[in-house]
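Undergrad: Here's the letter readout for the chains.
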Amino acid sequence: GAVVSQHPSWVICKSGTSVKIECRSLDFQATTMFWYRQFPKQSLMLMATSNEGSKATYEQGVEKDKFLINHASLTLSTLTVTSAHPEDSSFYICSALDWGGNTEAFFGQGTRLTVV
Amino acid sequence: KNQVEQSPQSLIILEGKNCTLQCNYTVSPFSNLRWYKQDTGRGPVSLTIMTFSENTKSNGRYTATLDADTKQSSLHITASQLSDSASYICVVSPGRSGGSYIPTFGRGTSLIVHP
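These protein sequence lines map, in sequence, to chains A and B. Under the numbering used here, residues 1 to 116 are what the first sequence spells out, in order. Under the numbering used here, residues 1 to 115 are what the second sequence spells out, in order.
You can take every hint at face value.
Below are the DSSO-like pairs computed for lysine-lysine, each with C-alpha atoms no more than 27 angstroms apart in a straight line:
id, chain 1, residue 1, chain 2, residue 2
1, A, LYS14, A, LYS66
2, B, LYS17, A, LYS41
3, A, LYS20, A, LYS55
4, B, LYS57, B, LYS17
5, A, LYS41, A, LYS14
6, A, LYS64, A, LYS14
7, A, LYS41, A, LYS66
8, A, LYS64, A, LYS20
9, A, LYS55, B, LYS1
10, B, LYS1, A, LYS64
11, A, LYS41, B, LYS1
12, A, LYS20, A, LYS41
Hints in this document: simulated from the structure, not taken from any laboratory.
With the sequences and hints as input, model every part of the structure.
TA: Next up, the structure:
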């Protein structure tokens, strides 16, 4: 099946710094990618929808200036957590939409962010 | 509003036993329904994907059913193993003609398999 690579798998950063997470579709072009956040023992929460070549669409309550999304190519979307704080510590997951066939979403491995 | 409801919220079974997870949805128009398995600290992994015309699909010990008329799906796990302990997420995608193409996620069922 299609592969989505997310990097890094885990990161620890100091409070106030910014962290960039990459999401790549390895064997298909993904015009649409999604970014999710997941707290322990909770379901995935959609943060934003990233469309190649245009501005991302953020879900209600998600600060667009805090979570910068760039989808500059058909295979890469990035999420930058700016001025990170301990409450931003979470598990971030991306998924890429393969419009061919069954319009299936494939998930990255996730990134565990810890802000200290 | 498109919704996906999963039940039970959590389930504990003994190793070797069978179990069935439920998913009801109101997504319309319907494109496909997928079951994912998510191990703790990992991204979800697709188990099955079903379109409107499919009633049953198997993947090893996992068998998914779909009733598009009643908008219900189930995931049956046979002869459970300790490695089946995970969250199982039902995701329903709308048809593109419906305007929104964003998949709707259920909250998941947390399965724990005890030895």
